[in-house]
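Participant: Reconstruct the complex from the two isolated chains, following the hints.
Residue numbers (UniProt numbering), protein chains in the order written: chain A, 1 to 212; chain B, 1 to 815.
Please note: incorrect hints may appear among the correct ones.
[Stated by the list, open to error] Taking lysine-lysine pairs in the BS3-like style, the calculated list, with each CA pair at most 30 Å apart, reads:
#1 K176/A with K206/B
#2 K58/A with K206/B
#3 K57/A with K206/B
#4 K206/B with K174/A
#5 K27/B with K106/B
#6 K753/B with K764/B
#7 K57/A with K252/B
#8 K206/B with K169/A
#9 K252/B with K58/A
[Stated by the list, open to error] Per the computed footprint, the stretches of chain A lying under chain B, defined by three or more beta-carbons under 8 Å from a beta-carbon of chain B, are:
#10 40–48
#11 74–80
No wet-lab data here; the hints were simulated from the structure. We treat Cβ as the ideally placed atom computed from N, Cα and C, and that holds for glycine.
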Amino acid sequence: MSSNYTYDYIIKYIIIGDTGVGKSCLLLQFTDRRFQPAHDLTIGVEFGARFVDVEGKKIKLQIWDTAGQESFRSITRSYYRGAAGALLVYDITRRETFDHLLIWLEDARQHSNSNTTIMLIGNKSDLESKRAVSYAEGEAFAQQHGLFFMETSAKTADNVEESFVDTAKDIYEKIKQGVFDVSNESNGIKVGGHLQSKNVLPLTTDNGNNCC
Amino acid sequence: MDFFSRGYKGLLGEKGQPQSVEDTVAKLVDRASNSTLLEDRRAAILGLKGLSREYRQEVGEKGIGALLHILNEDKADIDTTKPILEILNILCTPDREDSATDVAIKFTDEIVQNSSNINLFLDILQEYDFYVRFHDVQLLSTLLAIKPDNVQGCVLTAPMGISRLMDLLGDRREIIRNEGLLLLISLTENNADIQKIVAFENAFEKLLEIITEEDGLNGGIIVQDCLHLILNLLRYNVSNQNFFRETSCIQKIPPLLSFSAEYQHHGFELEFLTQDWHEQKIANTIVLLELIKILVVPNNMNTVTNQNVMIQCGVLKTVIEISLSSNAPSVVKSHSLYALADLIRGNQNGQEYLAKTVVPVSHPLQSSENNAKPSPFNQISIPPRPAIMSLIVVAVGAEHLENYSTRAAATYAFESYTFNNINAQLVLASTLIPPPDDNPNSEIVIAKPQSAGSLLLSALLEWEDSEADPYVVWFASVIFSHILMNNERSKEYARGIFFGNGDDNEEENLSLLHSIAGNLMLATRQNAERQNADVRVLIGYLCILCIWLWDSPISVREFLSESGHLQMLITSITQSSGVDARVQGLCAFLLGICYEFNHNIDPQITRSTLQQILLNRIGYDQFVNRITRLRESPHFKHASQYLQVVPEEVAKGLPELYFDYVFVEFFKKNYETIQRSIRDPNAKSFSGFKGSDYQGDNDSVITSYKDVIHTQEKEISQLKESIKQLEQQLESQKLSAENQLSSLNNEIDTLKKTIETKTADNVKLEKEREDLYDCIADQEASVKKYRERLIALNQEVSDIEEEDDEGEGDDDDEE
Chain A
1 MSSNYTYDYI IKYIIIGDTG VGKSCLLLQF TDRRFQPAHD LTIGVEFGAR
51 FVDVEGKKIK LQIWDTAGQE SFRSITRSYY RGAAGALLVY DITRRETFDH
101 LLIWLEDARQ HSNSNTTIML IGNKSDLESK RAVSYAEGEA FAQQHGLFFM
151 ETSAKTADNV EESFVDTAKD IYEKIKQGVF DVSNESNGIK VGGHLQSKNV
201 LPLTTDNGNN CC
Chain B
1 MDFFSRGYKG LLGEKGQPQS VEDTVAKLVD RASNSTLLED RRAAILGLKG
51 LSREYRQEVG EKGIGALLHI LNEDKADIDT TKPILEILNI LCTPDREDSA
101 TDVAIKFTDE IVQNSSNINL FLDILQEYDF YVRFHDVQLL STLLAIKPDN
151 VQGCVLTAPM GISRLMDLLG DRREIIRNEG LLLLISLTEN NADIQKIVAF
201 ENAFEKLLEI ITEEDGLNGG IIVQDCLHLI LNLLRYNVSN QNFFRETSCI
251 QKIPPLLSFS AEYQHHGFEL EFLTQDWHEQ KIANTIVLLE LIKILVVPNN
301 MNTVTNQNVM IQCGVLKTVI EISLSSNAPS VVKSHSLYAL ADLIRGNQNG
351 QEYLAKTVVP VSHPLQSSEN NAKPSPFNQI SIPPRPAIMS LIVVAVGAEH
401 LENYSTRAAA TYAFESYTFN NINAQLVLAS TLIPPPDDNP NSEIVIAKPQ
451 SAGSLLLSAL LEWEDSEADP YVVWFASVIF SHILMNNERS KEYARGIFFG
501 NGDDNEEENL SLLHSIAGNL MLATRQNAER QNADVRVLIG YLCILCIWLW
551 DSPISVREFL SESGHLQMLI TSITQSSGVD ARVQGLCAFL LGICYEFNHN
601 IDPQITRSTL QQILLNRIGY DQFVNRITRL RESPHFKHAS QYLQVVPEEV
651 AKGLPELYFD YVFVEFFKKN YETIQRSIRD PNAKSFSGFK GSDYQGDNDS
701 VITSYKDVIH TQEKEISQLK ESIKQLEQQL ESQKLSAENQ LSSLNNEIDT
751 LKKTIETKTA DNVKLEKERE DLYDCIADQE ASVKKYRERL IALNQEVSDI
801 EEEDDEGEGD DDDEE
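Looking at chain B on its own, in the form it has when it is part of the complex (with noise of 0.2 Å):
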C-alpha cells in the first residue's frame, strides 16, 4: 500500500493541483532511475505501470529506454523486474482495433532493434520466480509476433537462448510450461534453425513424455500443443525428420493412437472399437496423423525408410484400424486414410500388408435395428473382411455411412494400393467375377456375397441412381480406371466379364466394356435432356474408357464392333452447344485413342476410315480445340492432387471433384502425341508406347526439358534424313553389284558349260583312242597269227610248192 500512496503522490502538483501525464510520467521515470531508496524506484515503477494501460504512448515515448536500463541493472530485483516485464508487455501489445498503425509496433521495433534486449529477456528466464518467467515468457511471444524475424535471429545466436527456453518445458507448473510451448511453437514456424536446435536439445523426447503424462491423445489442448510443436519442427525439416526417426520416435506413435501389444485380446479391442471420441480428442488425434503424412511425404528421400520404419512398428496396422473399422468420426477417419494412404504408397511391402490386413466390420445398423444400446458384441460379430474391401465399401457409399471427404480419401487409399503394384490389379481384376451366390462361406451375410471387383462393378453400373449422389459412379469409376490403368492382363480379365439372363448365349451377354459404353450412352442422352444423369457421370465413364482403350488394339476392336458407340462420339464432339466442354473434349480423346490404337484388326474400321471421319465430319481445327478446352477447364486444371474435398464445397451440396489427378497426368502426358497422329497421316502409330514417369510442375523444368526434346527432335530428323541417303546409297551400290554379279554368274555359267562339253568329248576321244588301240592290238595279233600261219602255209608250200598253186592265192587274200 506504502507503494501506491508514494507513487501516485506524483500525479499531484504542489499545490494539489492535477498535472498533464507527460510531466507525471517524465517525474515517474526519473524517480525510478535516479531515487537512492529502492522502495522508491519500485514505487515509481509501479506507478508506471498503473498509467501504461491508459497512457501506453506516453508512458512509452519517455520511459522504454530507461526501463531497459533498470531492467538490466537490477534484474536480480524480482520486484522491480516484475512490473517492468509487464510494462513493456503492455507497451508492445497492440490494441486490436487498428494493429498496422499501432504504438505497440513502434515500441516494438525500439526494442528489438537491439539484441541485446532479447537477450536480457531469455537471461531473465533463469529466475524461477512464477511472474517473473510468467511475464518474461508472454512479453517474448508478444515481440515474436510482431517481429518474428528480429526476434527469431537473435534467439538463434544467443548461445543459451535456446535451451533456456527449453528448460521452461520442464517447469513442474502448468502455466509456465504452457506458455513456453506456445512461444516455442511460434518460434519454430518457418525457421529451419532454430527448428534444428530445437530439436538437439532433446525437444521430441521431452514433448513425447508430456503427451504421454498427460494421458495421450485423450488428454487436452496441451498434447495438441506438443504435437504441432513436433510437427513444426519436422516439416520441410529433412535432418529433423532423420534425428526423429534415429531417436525411435517413429516407435512411439502406435502406443499413442491406442495401439498396444495386448492388442489381440479381446476386450482391448473393444475398448480400441468403441472409444469416445471428444473434440479435444479429434483435434489431437488429426494433428498426429498430419505428423505420420509428414514424414512419409510421396516422393521424398527419406520416405521408403520411414514407410518401412512405420509398418514395422505398427503404425500401418493402427492406421488401417482407425480408418476402416473404428467408430471414429468421419474427420478423423478421412485424415487417417489419407495417412493410409501415404504410409504404403510405392512400398510393396505396405500395399502388401493392406492386401493381407482383415478388419472386422463395424454395423451402427444393426443396432440400432435392435433399438438398443449400441452394442460392441453386435458391432463385431458380423466376420471381418478384407480392408481392401472395406475402402471399396467406404468410397463408393456402400453402406452410407461415411461423407464425401472420407470416400474421397478411401478412393485415394485404394490409388495408393495400386501405385506401380501390377500385382494388385490383376488380383482385384480377377475378382471381378462375382463369387457364386451359393458360397457356403457367405450363410452369415444377408446380403448376396460380393468380391471386391463384383462390388465395384455394381456401383460402377448403377449409375440410374446417380442424380442424388454421382459419387457411386464416380469413385467406382476412379477405382476401377486404377485397376485397368497400363495393365493389359487386367484389361484381359475385364474384357471377360458379360452380363446377361444367365444364357450361356454369348450374343445377347453384354460385355462389361459395351455396358459401360451403353450407359454412357444413355446417361448422355439424359444429360442432353437435363434429366437425371450428372455430367459426373460421363466423365466417370469416358474416363474409364481412354484408360481402358489406351495402348490395346483388342479393347479398340471390341469397342468399334458396336458402330453406334463411334457415332455417338462424333455426335457429341460435334454439337455446338448443348454438351458440357469436359465431355466433348473427353469424346475427343478417346476417339483420339480409337485412332491410335487401330491396328486395322477390323476390316470394317481401319485406321484411314477413322482418320477420314475425324478430319472430313469433324476436322481437325475443331477436335483440337475441344482437347484444348477440356485442358483449359479449370476443375481440370486444378484437379486435387490429392483427391481432396474442400469442407465448403460439401456445405454446398456436391464437392467439385471432377478429375482424378493421375488421369489429368495420364491425358497431359499423351494428348499432344494423339494430336500429332491425326494430323500427320504418315506417322507411325507408337504402340507399345510406355511414356516416363516424368511428373513435372516446374515450368522452367518443362521449358528445359522442351528444349532439349527439340534439340532431340532436330537431331533425330537430321540422323534420319542421313540414314535415307545412306540407304539409298546402299539401295544403289546393292543394285549395281547385284548386275555386276549377274553378268558374272552368267558368264561363270557358260564357261562351265563349255569345259563340261569339252571335257565330254574329250572322254569320248579318249574312248576312241582306247578302241583303236584295241583295235589296233586285235590287228597286229591277228598279222601276227596270219604271219605264223603265213610261214608254216610257206613251209607247207615250199613243201607241196609244186603241188597246189591255189593255196597261194588264198593266202593273199587273208592279208
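One chain only, chain A, in its complex shape (with noise of 0.2 Å):
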C-alpha cells in the first residue's frame, strides 16, 4: 500500500476550454475510466490525480479541472501558472468553441510559464456525424502555434490516456534536459523524495546518458 505514495515525480496539468467541450469528462474518463453523459457544470475548479508511467518512472499528474465559463475566467487564470502541462480542449462539433481557442491560447501565453506543454484537443470525435471541425484544421492550429494535438472521445475513451500521457512524455523529456527549473514548486513540477536525497537531479544524470 505504502508504495502507492511514492512517485519519482508529480507533475502538474490544468484543462481549460470552453464551457460544455467536454473538459471535466476527459478527466473522469482519465482518472475513473469512466462516462458520465450528464456532467455538472464545473464550478470554479476541481482536482484529480493519477499514476502514468513514463520510461520507467512514476509520475503522478495532479489535474486541475477549470470551469470554462466567462465569469470563472479570472479564477482560472491564477492556476496558469503553477502547471507545467495544459490540456486546451474544445469540442469538433461546435465550431465556436474552435473560434475561442486563440483567446484560450492567449490568456494562457501571458499567464503561464512558458515552458509549459500544451496539448490541444479536439474532443468528441465519437459524433462524426455532427463533425464542424475538421481533423486536419485542428492539425494545422496546432502546428502553427507549436502545440501537440489529438482528437479524443471522453465518451468511449479514445486516446484519452494517450492525451494524458504523451504530454507527460513531453514534460518528462523537458525536465531530463534541464528545461525546468525543477527545485522550484512553482513551475509545476515536483521531484520525488527518494531522488532528491540521493541528489540525482535528473539534470545532472541524465544529461550525462545523452552525452554518451
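Facilitator: Below, the structure is given as C-alpha cells:
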C-alpha cells in the first residue's frame, strides 16, 4: 500500500477550454475510467489525480479541471502559472469552441510558465456525423502555434489516455533536458523524495547519459 | 531629523501663528504630490503620518486619493512607500469603541472600491524590505477585516495575487511569515475558490513543513495558525480534501501526533505516555484532531476512502492511544474520542482494528498511593486491556478519571463501533455473563475480574448511587441499547442473563430484563417521592426497554409475564401531575411497542386485551398526547447528534444530555406506526418490520417524501380495492365452476355405474350363451351318439325285428 504513495515526479496539469467541450468528462475518463453523460457544470476548479508510467518513472499527475464559463475566467487564471502541462480542449461538433482557441491560447501564454507544454484536444470524436471542425484544421492550428494535437472521445475513451500520457512524456523530456528548474515547485513539477535525497537530480544524471 | 523640521514648518503660518488642521493637511498633501524634490515629498508624507493618528478624518478626507496616487507612482521608493502604507493602515483601522460608524469604514470603502488599489498592494509585496512588506501585509489584513468580500474578490482575480501571498510563508523573517499566515487565514475563510488556489500553490506541503520545523505539536502558536489555515482549506472543500489525500498529506499526520515507527521501543512508548501537555500543545493537538475529523465527516462521499488511508497509515492507532492510554488532559481526550468515533464509523476495517487493539492502562491512583513521583513504570505495569473495555470504563466513569464531556465522547465512540456492525454487537452481548471469579488470568488485577459486558451491567444496575452521578446509568444504558439495537440474537443473549444468589433455581433468579424493569419501578417510585432517583435514570432504562422489546415478541412476552410492569406503565402514563412528561411519553411508547409486537404468545395478555386496556384505561387521545409531549420536549427535539456536552452545562452541574440521538431517530421513525396500529384495531401488526435508514433533516425533503408516501398510499388502497374485487370475482367464479364440476362428476359417476352394470350383464349373458352353446354341442353329440345307436339298433331291430317289439319302445323314450 505504502508504495502507492511514492512517486518519481509530480506534474501539475490544467485543463482549459470553452464550457461544455468535455473537460470534466476527459478528467473523469482518465482518473476513473468512466463516462458520465450528464456531468454537472464545473464550478471554479475541481481536482483529480492519477499515476502514469513514463520510461519506467512513476509520475503522478495532479490535474486541475477548470470551469469554462466566462465568469470563472478570472479565477482560473491563477492556476496557469503553477502548471507544467495544459490541455486546451475544443468540441469538434461546435465551431465556436474552435474559434475561441486563440483567446484561450493568449490567456495561457500570458499567465503561464513559458515552458508549459500545451496539448490541443479536439474532443467528442465519436460524434463524426456532427463534425464541424476537420481533423486537418485542428492539426494546422496546433502546428501553427507549436502545440501537440490529438482528437479524443471522453465517451469511448479513445485517445484519452494518450493525450495525458503524451503530455507527460514531453514534460519528462523537458525535465531530462534541464528545461525546468525542478527545485522550484511553482513550475508545476515536484521531484520525488528519494530522487532528491540521493542528490541525483535528473538534470545532471540524464545530461550525462545524453552525452554518451 | 531634517525631514521632521521641514514637515512641521508647514504647521506654522507666515507669522508663526498656528494654522487650522485642515489648512495644514491640505498644504502637506499639496507638497507631497507636487514638490519637485523627492526629499520634500517624503517630508510632507511624514508630516501627514504624524497627523494621521490624531486627525484621522481630516487626513483621510483630503489625503487618501493623493496618497494612493503617489504610492502608485513612487512604489519603487521605499522611503515613500513605507510611510504611506502606515498612514493608510492607521486611517482604515477602526477605533474599538464605535466601529460601525467609524470613518475607517468609509476610507476602507473608498480604497477597496477600486480593485487596482488592491492589485497595487499585492504588487508591493514583491518588495523585500522588511517594513514595506510588514505594513503592506498589515494593511491588507485591515482591509480584509472590514470588507472581506471586496478584498477576496480582488485577490481572486489578480492572477499573481495568491502566489505573492503564498511567498510570504517562505519569508525567513518570522514576523512577516506569521503576519502572512494570519492574512491567509482570514482570506481563506468561507471562500472555496481562494481555498483551492491556495492549495494549488502547495500550501499543504509548505504549512506541514513549517509545522515540522517548529517542533510539531510541541511548537508555539505558529503551529496552531498553520493547522488553522489547513483546516480552512479543507473544511467543506471536497476538491481540496482529495488533493490533501492524493498528495499523501494524511500520512504526515501520525508523526505529528508523536507517533513513530520506533514506537515499539519501550523508551519511546514511555515518552509518548508521559508527555508534557502545555497549554499551546493542547490547543495545537485539538486543531489537528479537528482536521482529522473534517476528513471523515459521517456520510460524506470520500469518508470511507479517507478513513481507510488513516487506518492504514496509523492515524487511527495514534488517536486510539491518545484517547485511551495517554496522559492527555480531558479536553484533548474528548476531542480525540470524537475523532476516533468518526474514524471508525461505518467502516468495518476501522471497527475491526479497534476491536483488536489492546491499550495499556494508566493508573494515577496507584502512584499517588505510593506517595512518590508518578512513575511511568508503575503506570504501565498493569496488564493492558481491550480498547473497547477502556471505552466502557471511561464512559461509565468506572475509574472516576474523566469528566462528562470525555465520557460522552467515549459513549459516542462506542456507538460508532457498533454502528452497522452486527458482529460487534454479538461479541459484546456474549460478554454480558461475568467471567468466573477464579480466572487464572486475572491474578494481577486486585478487583474482581470483569468483562466488557459485565462491567457494563454492573454500571447499568447500580442506580441507587445515581444521585451524584446519574450518568453512570445513563451512559451505560446508551451503550447497552447499542448492543441490542435491531439485533435479535443479542437480545437472545441478554434474555439468558439471570441474577440470583447463586442458586440454580431459576424461579428465584431474576432475569436481566426483569431486573431493569424492576429497577425502573423502584426508581420511578423514588423519583415521585423526590428522592435520589434522577429522571435521567428513568429515561435511560425506558430507552433500553423500548429498543429491547421492539420487533421482539419473545421479549415482549417476557416483559408482560410480570403483571406489575404493565401496571407501572399505565400508572405513569395516566398520572396527571408529578411525573416527568418525557418519562410519560416513553412509557406510552413502550406500551405501544408491547401492543405492536405482542403476537398473542401469552394467552394471559393478548393483543386485544392490551388494546382494551389502552383504549379504556388510558384513552387514545391521552396516549397520543403523551407521545406528542415527548416529541416536543426541548431536550428531545435538540438531542445532540454527536452526543456532545456543552461546556457551560457542566459548569452548572450536570450536563443536559437526556436522549441519545440514535434513540431519537428510532423514535421518530416509528411512533406514528405505533399510534396508527392502536387506533385501528384491524391494522396488521408489522412484525419483521425493517425500517429504512432514511435520515432526513430537510423539511422540504420530508414533505416531498410525505407526498410520495401519500400518493403511494392512495395507489396501494386503490390496488387493494381492485384486488378485493378481483378476489370476489374469482371466488364467485370458483364457486360456480365448482358446482358445475360436481354435477358433472355426479353424472359421470352414474354413467360409470350404468356402464358397469351393463358390462356385468353382458358378461353374464355371454357366459349363458357360452353355456348354451356347450349344451347344444353336448346335445348334438348325444343326438349323434343316439342316432348311431339308433342306426345300430335299427340294424339290430331289423335283424331281430320280428323277435323283439319292446326294444323299439325303449328307443323312443331315449329320443
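Participant: Give a verdict on every hint.
Facilitator: Hint by hint, here is what the structure shows:
About 26 Å separates the Cα atoms of K176/A and K206/B, which keeps this hinted pair within 30 Å; it holds. Between the alpha carbons of K58/A and K206/B the distance comes to roughly 23 Å, so the proposed pair stays at or under 30 Å and holds. With a CA separation close to 25 Å, the supplied pair K57/A and K206/B stays within the 30 Å bound. Between K206/B and K174/A the CA atoms are separated by roughly 26 Å; this keeps the pair inside 30 Å, and the hint holds.
Among the hinted pairs, K27/B with K106/B is consistent with the structure: their alpha-carbon atoms are about 23 Å apart, no more than 30 Å. About 16 Å separates the Cα atoms of K753/B and K764/B, which keeps this hinted pair within 30 Å; it holds. With a C-alpha separation of about 24 Å, the suggested pairing of K57/A with K252/B holds against the 30 Å cut-off. For the hint pairing K206/B with K169/A, the CA-to-CA distance comes to about 28 Å; that is within 30 Å, so the pair holds.
A threshold of 30 Å between alpha carbons decides the hint, and for K252/B with K58/A the separation of about 21 Å falls inside it, so the pair holds. Coverage of the stretch 40–48 of chain A by chain B holds in this model, with 5 residues showing a Cβ closer than 8 Å to a Cβ of that chain against a need of three. For a cut-off of 8 Å, the count of residues in the stretch 74–80 of chain A with a CB near a CB of chain B stands at 6, and the three-residue condition holds.
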